[in-house]
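Student: Throw the hints in and build the complete structure from the sequences for me.
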Amino acid sequence: MSRLALRFASLGYLAVLLLAPVGFVFYRAFEHGFWPAWHAVTAPDALHALKLTLVVALIAVVANTIFGILCALAIVRYRPPGFGIVNALVDLPLALSPVVVGLSLLLLYGRGGWLAGHNILFATPGIVLATIFVSLPFVVREVVPVLREVGIDQEQAASTLGASGMQTFLRVTWPAIRWAVAYGVVLTTARALGEFGAVRVVSGNIAGRTETLTLYVQNQYEEFNAAGAYAASVVLALIAVATLLLMSRLRPKEETR
Amino acid sequence: MAASPQAAVALPRARLSGGAGLAVGVSTAYLSVVVLLPLAALVWATHAHGSWQAVTSKQSIAALKLTLLASFAVAVVQAIAGTAVAWTLVRDSFPGQGAVNAVIDFPFALPTIVTSVTLLALYGPRSPVGIDAAFTRWAIVLALLFVTLPFVVRTVQPVLIELDQEMEEAAASLGASSLTTFRRVVLPNLLPAVLSGVALAFARAVGEFGSVVLVSGNLPFKTEVASVYIFGRIESGDAAGAAAVSVVLLAISFAVLLGIGAFRRRVTRHDV
Amino acid sequence: MIEARRISKRFGDFVALDDVTVDVPTGSLTALLGPSGSGKSTLLRVIAGLERPDSGSVLLDGDDVTLRPPQKRGVGFVFQHYAAFKHMTVWDNIAFGLTIRRTPRATVRDRVTELLELVQLSGLAKRYPAQLSGGQRQRMGLARALAVDPKVLLLDEPFGALDARVRKELRLWLRRLHDETHTTTVIVTHDQEEAMEVADRVVVLNGGHVEQVAAPRDLYDKPANEFVMSFVGPVNRMGDAFIRPHDVEVLLEPNGSTQEAMVERLVHLGFEVRVELVRDDGEQLSAQVTREQAEALELERGQIVYVRPTRQTVFSS
Numbered sequence: 004m005s006r007l008a009l010r011f012a013s014l015g016y017l018a019v020l021l022l023a024p025v026g027f028v029f030y031r032a033f034e035h036g037f038w039p040a041w042h043a044v045t046a047p048d049a050l051h052a053l054k055l056t057l058v059v060a061l062i063a064v065v066a067n068t069i070f071g072i073l074c075a076l077a078i079v080r081y082r083p084p085g086f087g088i089v090n091a092l093v094d095l096p097l098a099l100s101p102v103v104v105g106l107s108l109l110l111l112y113g114r115g116g117w118l119a120g121h122n123i124l125f126a127t128p129g130i131v132l133a134t135i136f137v138s139l140p141f142v143v144r145e146v147v148p149v150l151r152e153v154g155i156d157q158e159q160a161a162s163t164l165g166a167s168g169m170q171t172f173l174r175v176t177w178p179a180i181r182w183a184v185a186y187g188v189v190l191t192t193a194r195a196l197g198e199f200g201a202v203r204v205v206s207g208n209i210a211g212r213t214e215t216l217t218l219y220v221q222n223q224y225e226e227f228n229a230a231g232a233y234a235a236s237v238v239l240a241l242i243a244v245a246t247l248l249l250m251s252r253l254r255p256k257e258e259t260r
Numbered sequence: 019m020a021a022s023p024q025a026a027v028a029l030p031r032a033r034l035s036g037g038a039g040l041a042v043g044v045s046t047a048y049l050s051v052v053v054l055l056p057l058a059a060l061v062w063a064t065h066a067h068g069s070w071q072a073v074t075s076k077q078s079i080a081a082l083k084l085t086l087l088a089s090f091a092v093a094v095v096q097a098i099a100g101t102a103v104a105w106t107l108v109r110d111s112f113p114g115q116g117a118v119n120a121v122i123d124f125p126f127a128l129p130t131i132v133t134s135v136t137l138l139a140l141y142g143p144r145s146p147v148g149i150d151a152a153f154t155r156w157a158i159v160l161a162l163l164f165v166t167l168p169f170v171v172r173t174v175q176p177v178l179i180e181l182d183q184e185m186e187e188a189a190a191s192l193g194a195s196s197l198t199t200f201r202r203v204v205l206p207n208l209l210p211a212v213l214s215g216v217a218l219a220f221a222r223a224v225g226e227f228g229s230v231v232l233v234s235g236n237l238p239f240k241t242e243v244a245s246v247y248i249f250g251r252i253e254s255g256d257a258a259g260a261a262a263v264s265v266v267l268l269a270i271s272f273a274v275l276l277g278i279g280a281f282r283r284r285v286t287r288h289d290v
Numbered sequence: 075m076i077e078a079r080r081i082s083k084r085f086g087d088f089v090a091l092d093d094v095t096v097d098v099p100t101g102s103l104t105a106l107l108g109p110s111g112s113g114k115s116t117l118l119r120v121i122a123g124l125e126r127p128d129s130g131s132v133l134l135d136g137d138d139v140t141l142r143p144p145q146k147r148g149v150g151f152v153f154q155h156y157a158a159f160k161h162m163t164v165w166d167n168i169a170f171g172l173t174i175r176r177t178p179r180a181t182v183r184d185r186v187t188e189l190l191e192l193v194q195l196s197g198l199a200k201r202y203p204a205q206l207s208g209g210q211r212q213r214m215g216l217a218r219a220l221a222v223d224p225k226v227l228l229l230d231e232p233f234g235a236l237d238a239r240v241r242k243e244l245r246l247w248l249r250r251l252h253d254e255t256h257t258t259t260v261i262v263t264h265d266q267e268e269a270m271e272v273a274d275r276v277v278v279l280n281g282g283h284v285e286q287v288a289a290p291r292d293l294y295d296k297p298a299n300e301f302v303m304s305f306v307g308p309v310n311r312m313g314d315a316f317i318r319p320h321d322v323e324v325l326l327e328p329n330g331s332t333q334e335a336m337v338e339r340l341v342h343l344g345f346e347v348r349v350e351l352v353r354d355d356g357e358q359l360s361a362q363v364t365r366e367q368a369e370a371l372e373l374e375r376g377q378i379v380y381v382r383p384t385r386q387t388v389f390s391s
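Chains as they are written, first to last, in the working numbering: chain U, 4 to 260; chain E, 19 to 290; chain H, 75 to 391.
Because the hints were derived from the structure by calculation, they are not lab data. Any given hint could be a false lead.
To be verified - Which residues of chain U face chain E? A partial, calculated answer using Cβ under 7 Å:
1. Cys74
2. Gly197
3. Tyr224
4. Ala243
Stated by the list, open to error - Not everything, but these chain U residues come out facing chain E in the computed CB check (under 8 Å):
5. Leu14
6. Phe199
7. Tyr233
What the hints assert, rightly or not - Listing some non-contacts, in silico: residues in chain U with all C-beta distances to chain H over 10 Å:
8. Ala8
9. His51
10. Arg82
11. Gly87
12. Thr127
13. Ala185
14. Asn208
Cβ coordinates follow ideal geometry from the N, Cα and C atoms, glycine included.
Tutor: Shown next, in the form of structure tokens:
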């Protein structure tokens, strides 16, 4: 009896908070049929925004993946003195307001900043830096526990058998962490594609130039072009759904290792 | 064996091998450029402009107060609702459970600005269900609940899966009612996970921007949260004023992370 | 020949090895025996290059390898928890050392086939480690270490994670393997029976020091000190003297040098019977007699008997 009550309370909470609003946005987007929505997302500004978003996400994901693997190895395997600080800093982007991230970049690269005048702000480099900042922790956080779990025995065995550091990494360490890396990449991608606040501050928000897809949604909404905002939202929501599918496919693999 | 009289020669401390040096060097440099340098610029700018007193302006105090209040309320709701959802996912079983489990991460995957648009579509001015929460504090709480949903669920879930059901059976065999068992046996074991999930949710709520910016209406003293206040200052060209409040948010983030870290170290002590 | 010279190693405040010197002759099977924390595993890992000593040096066949990484020492190392490459088949695990040396394929095939036979895993080449029993995994670990023809074979509590029966089997098997290959071998163990059974030389370590180096038989008969005496077998203490339970004679009548004791408990261990006694001064004593002797004496609980040592050891302090 109480189990059923708890089930309905939990599912009701999820329905009211999550499913109903998301479902309704899909309804609103296609309220007047498929083609108006299609035209909204294939408008030149929308396409440019999509392209910029994908390019920025790609750069951020590649950079953060390489960093993530190296940083996880440094944290778990090498632990030089004082590295505890690095461990703590890695988590910071998870807890920090994106607007604060944006402002920090603004103050560093903007007028009067330490690194002023390199055409970073209000251009793609600034957007990339903001996106890298906010999506930095995910690969590290996924790989660190797996490295700990796997332990150092297999790597030591490889070294006693004559494997060099690189051979050990490629043949022993990498196969053990690859699913964790893949999972981290999915999370990084989702975060990078969806970043709004930090990018909003550093991009200048110029339509057709520095407007990412999330900025496009906001601009359309504020210009009372709800149809455009809903259509672009649906595109981003579909990407989110794809992310979820990937996440639930990768997770069991990670656990059977 | 007998030691010979002269002292053994001490060997030099092991240096990091090539690969290790690369990993340590690259990750330290990357983190410094990407994270540390901008944050240092933020703190330095606040100091250089002597704009610490900007924190104490009536408007920024109101924004910070509202932010902390709303985040606290959201953390409390999430502690209960998140634990209940995690319980339903682990201990209950019903058709479609796998799908519900996958959906929990949706708020994480959905861009925050889309969350704003989404919530306004159903609970905004043209609401088909007749609820118009737009530009009220309720809308802020709703948006924060949406984005912080995964935190408690995802920290409690694995602990609940690992939790030894024999402990509960032992309690039951000793005559404890199911409520007593939950209160005396299950809850103490879940509490660390619940609290670290709640802390993460709180930190996220304090800094949240995208999901709030469209729904809150940003009325100073009424529905303006700290991140939106900072954004407003930036837009009106007062970066220095924005920096002061930003440093406060940065300090809160740090404090929460350090708190979670210290708490985890304390809790793991009585793990066998 | 392995020479470990004046090795010291500490971990924080803990001194694992304190100025330890040990030689392992070529072709021998030497056991490093000691309780946990005695430094035996650390010494083995120092020899392998997995641990770097704070001071001292390691020589392999006369070469100073102290600063050489494990890759370049030519040692085979077998881990307590197998350290199997989980994502590789048995075949690929054993072939690992050969393939990274770019050994020709045909040579790899022949060598792995030969090793699979040697460790009796021929039918299981395509299995993954998760599909093997503990004993099979450890045999795979041994084959993997032997594949590259190591100068020395180092085993770190190799049978510690296995159940008693498998452990006994593998011990005998290892001894036979060594008799065939004569690879210089060092095995770390905390089990004195294992050390006695498998090794031809035993190095007893305690608290980071070497207590004694001897053949198994000498270790038992001529222990260098109290620690070794009590570590390698059960022991009674009477005043300053140490007596093994089988060196305690149990009589029904007093006889000049005997002491009075009461039978507290009889433990039947197949052929032998352990008699737990309490002496008149309250001290515990245990004697080991054959079943025939026990029957002849008609021992039973509460009975008063007279005991005397037939052989005892006194250490000068």
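Student: Confirm or reject each hint.
Tutor: Tested hints:
Proximity of U/Cys74 to chain E holds as hinted, the smallest CB-CB distance being about 4 Å (cut-off 7 Å). The beta carbon of U/Gly197 comes within 3 Å of a beta carbon in chain E, closer than 7 Å, and the hint placing it at the interface holds. For U/Tyr224, the suggested interface contact is upheld, since its CB lies about 6 Å from the closest CB of chain E, less than 7 Å. The interface hint given for U/Ala243 is met, as the beta carbon of that residue sits about 4 Å from the closest beta carbon of chain E, less than 7 Å.
Here the hint on U/Leu14 is kept, as its CB sits about 7 Å from the closest CB of chain E, short of 8 Å. Annotation: U/Phe199 was flagged as interfacial toward chain E, and the flag holds, the nearest CB pair being 4 Å apart, inside 8 Å. Residue-level restraint check for U/Tyr233 holds (minimum Cβ-Cβ distance to chain E is 7 Å; threshold 8 Å). For U/Ala8, the requirement that its beta carbon stay farther than 10 Å from each beta carbon of chain H is met, with the minimum near 42 Å.
The claim that U/His51 is not at the interface with chain H holds, since no C-beta of that chain comes within 10 Å of its own (minimum 44 Å). With a cut of 10 Å on Cβ distances, U/Arg82 stays outside the contact zone with chain H, its closest approach being about 14 Å. In this structure U/Gly87 is separated from chain H by more than 10 Å, as the shortest Cβ-Cβ distance comes to about 16 Å. Its beta-carbon lying about 40 Å from the closest one in chain H, U/Thr127 satisfies the requirement of being farther than 10 Å from that chain.
No beta-carbon of chain H comes within 10 Å of the beta-carbon of U/Ala185; the shortest separation is about 15 Å. With a closest Cβ-Cβ approach of about 47 Å to chain H, U/Asn208 is found to remain outside the 10 Å limit, as its non-interface label requires.
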